[in-house]
Amino acid sequence: MKDIKYKSLALIILILIALVIRITAAHNAGMIAKDGIKYLEMAEHFSHGEFHKGIAEDFHPLYPLLIAPIYPLFSEPERAGQFVSVVLGSLTLIPVYFLGLKIFNFPTAVIASLLFACQPYLVRTSAEVLSEATYIFFYVLAIALGWQALISKKYRYYFLASVAGSLAYLTRPEGLGTLFILVLWVMVAGARHFRRDYRQRLVAVTSIALAFFLLAFPYLLHLKLETGSWMLTKKKSLKTLIGLTQAPEIETK
Amino acid sequence: MTVFIAFYKLILKFFSAAHPFLIIFFLFGLVRRHTLPKYHKGELYLAAYTIPYFFLLWLFFLTHHYSSKRYFLPIVILVLLWCGLGLWELAARLSKKSSLWSANRWAGLLVILAMVIMLPKSLASLRGNQDLRKEIGLWLRENGIKHPIIISRDPRFAFYARGKTISLKDYNYSAIIQLARKTGAHYLIVDTRDLGPGLTAFLQAMHPDELALIPGKMQARREEGGDKWLIYRILRN
Chain A
1 MKDIKYKSLA LIILILIALV IRITAAHNAG MIAKDGIKYL EMAEHFSHGE FHKGIAEDFH
61 PLYPLLIAPI YPLFSEPERA GQFVSVVLGS LTLIPVYFLG LKIFNFPTAV IASLLFACQP
121 YLVRTSAEVL SEATYIFFYV LAIALGWQAL ISKKYRYYFL ASVAGSLAYL TRPEGLGTLF
181 ILVLWVMVAG ARHFRRDYRQ RLVAVTSIAL AFFLLAFPYL LHLKLETGSW MLTKKKSLKT
241 LIGLTQAPEI ETK
Chain B
1 MTVFIAFYKL ILKFFSAAHP FLIIFFLFGL VRRHTLPKYH KGELYLAAYT IPYFFLLWLF
61 FLTHHYSSKR YFLPIVILVL LWCGLGLWEL AARLSKKSSL WSANRWAGLL VILAMVIMLP
121 KSLASLRGNQ DLRKEIGLWL RENGIKHPII ISRDPRFAFY ARGKTISLKD YNYSAIIQLA
181 RKTGAHYLIV DTRDLGPGLT AFLQAMHPDE LALIPGKMQA RREEGGDKWL IYRILRN
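First to last, the protein sequences are chains A and B.
All letters in the first sequence, in the order written, are residues 1 to 253 by the numbering used here.
All letters in the second sequence, in the order written, are residues 1 to 237 by the numbering used here.
Worth flagging that the hints you see were computed from the coordinates, not collected in a lab.
A hint or two may mislead.
Below, a list of computed lysine-lysine pairs in the DSSO-like style, where the Cα atoms sit at most 30 Å apart [to be verified]: (1) A:Lys34 / B:Lys182; (2) B:Lys164 / A:Lys34; (3) A:Lys38 / B:Lys169.
Being a predicted model, the structure only gives us computed values, none of them experimental.
If we strip away everything but chain B, and leave its shape as in the complex, we get (with noise of 0.2 Å):
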């Protein structure tokens, strides 16, 4: 990846972190200002904390290809007081264009349909697409065994069970059932996308005297929602 691309994909993920609605305001905020057309020295010392963090995030880019919205939140946060002035010098605009309403009113329209246009994303369900694995934990901790030991990979399932995760390396058949002797484990989760064209031979090495699959509420709604969870009860010999 070549260092331009790079940086434009970067910003890219800058602006979608910050909120592109955002962006708008930070550009008026930025550039050809009138409210406030002197640049104030404290701006340069914000800009400080900002611009060389950008450039080491654009080196870990380079280096790991991977970058996270939640890495920006620093830069973020600072940028807002720019977008806040955006947002002052857009309604000054406006208000000057069109002499019915004074910037106030300007600006309260503005955040008002900025927090209209952002609230939905800031208070929608954080996971909600993964929530199974709550509910499978939870499920657990009402109908299962007390404190129970989790074989798996996710270690939610044990958390949500008031329970401990050994974690799950691969999908050795013999391997797991090695595993679950030794620990004294009490539930074996898989995540059939894991095991992906293994699953079949996985299924196939399955023994019905070590492992039982859980019937019941878990197992329908697996059928109901096409989930991919599957969850075994490890039987004692």
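Next up, chain A with everything else stripped away, as it sits in the complex (with noise of 0.2 Å):
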């Protein structure tokens, strides 16, 4: 009992350390990126009630989506964007924490997340109007209740990975390749963990799919209905990016 107070004092401390870095780096932020100023407009659309408008873009909508609450409380548009990343940017110290507890040990814990507080890359994209904050939260995060699935065995961890990973597939394309890693551990290297329970394995891998499912259906949807054809994003694919196809030209009906 002493020992999870004791961890949960130093998480705390840790997060405040990594909250004032931040807090001061987006203090000291120049100006906006030009991306930052469709998230921002894409945030002002959904804030207005304005849905498709805001959804129209190209860029995946949970950034937006976070900003859209708090868009109004600012007088500064880009205050709201960079709250959203200071905050989530932060607390995305608490999946580091724990990977470092579960898979190495206390020390290691504390110090990979006082380094986490400092990086700078890490800092300055916690500071700026970018999904990349929101999007490396839920993906490490993801991780993290992936490797608390694995070895509690239980599947409502394995639903709750599925739940980050897909919110970070909706904050940006490649966040679709954490579930994909997940399930390819429970399938194959896994495989050890599961012995020859394959119904378990099966339950697992159905629990994973269905907090996609249920989370990005709606937006799947509204690419088909956008597109006509399912796809995964609008922008480019996998294939495109390492150059295994051409990009293709997508109408819009």
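Both chains are given apart, each in its own frame, so use the hints to dock them into the complex.
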């Protein structure tokens, strides 16, 4: 009990350190990134209830959706976007700390968290109106919950890991990779965890698929209705990015 | 570019994104460690997220000949765990070599050192050298037309001026004037770097009844700083 209190207190102090550094970085941040303007335009549409206009952009919608409720509270819209990045950028420390504790040891968890708190690129992206901080938060959260699922063998953690992974996907398309690797781990590398129980493995994968379907289906359906074909993103596909195919022209209805 | 050169360049980029100082700890946390000599299966789990992603970045780099440090963040954040272990490992080794300080003390010193080295970069102003665009936008908001329509290549002028951007495709003078009439634009902001050798031709084609260079604060600032923005008020005939 004392140990848990001690570790929780350490976590709170570490989050506060990360938060102070990110608030200072946000205060020092210069000019907004070009993409940041797009995110804020989307957030403005969402906050005015013009959902169809907001989602019409190529960017995935979660980051602007998170900005939307607080958008009217700030006189400078840029600050609303920074607020979301600073908060989620600081909270990313929780899954980092958790992974350090579960996979390594307490000193490693604390030191890794302190390094996370001041790592230049992680701090900078947490101070900007860009989706990186939000994406990294859900990405690491999905990895941490995935590990918890693998060691505890509880299906609810698979479901929660998939919720986090799906939210990462709704922030940036590459978030889908998190779920792909988790499923692969359950099917192949994690086979020893489940021994020969295929039913358990099937339920775990179904939990992951179910959470993804529940969260991502509305967006996938929107893409289908807008473009006429099923696709995971309006941005460039993985095949195009790694040079396997040419980028197709997307005609919107 | 050969696959090996691309790989080498990507490794260097990763080192730079993670911060070279942290890479030292990363190596201590990865190889020949004594504090946790056995590899945990969780490390394999973490590697399953980092290695394939690095491979994809490599393919992307081979195809597009481009990579950004931002792309490495999903790897950097997981690598930090090995960096943490490496710092602890180094502290333990240092305490063994010199019995004056415990591993905890060495670790504290190394963490402070890491923070002192990294924090100035972390807290530095982002795009500080481009701040004049923000200043111009804010100046237009204070001193210009409310909610202006601005023809420019950069949407940030209009963002800070609380206006709307009309994207400037090319610097054909008559096309710009036509666009300005069609859209009812109030300002034209020209980046002299974009014009290059065509700047003289553009300036010669300019008619004082159509465009008026905005004098005053921004003009003076431009002359002082040798900056590259020309701000024109679009005149109505």
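Results for each hint:
1. Among the hinted pairs, lysine 34 of chain A with lysine 182 of chain B is consistent with the structure: their alpha-carbon atoms are about 25 Å apart, no more than 30 Å.
2. In summary, the hint linking lysine 164 of chain B to lysine 34 of chain A is supported, as the alpha carbons are separated by about 14 Å, within the 30 Å threshold.
3. Between the alpha carbons of lysine 38 of chain A and lysine 169 of chain B the distance comes to roughly 19 Å, so the proposed pair stays at or under 30 Å and holds.
Going through the hint list in order, the structure satisfies each hint without exception.
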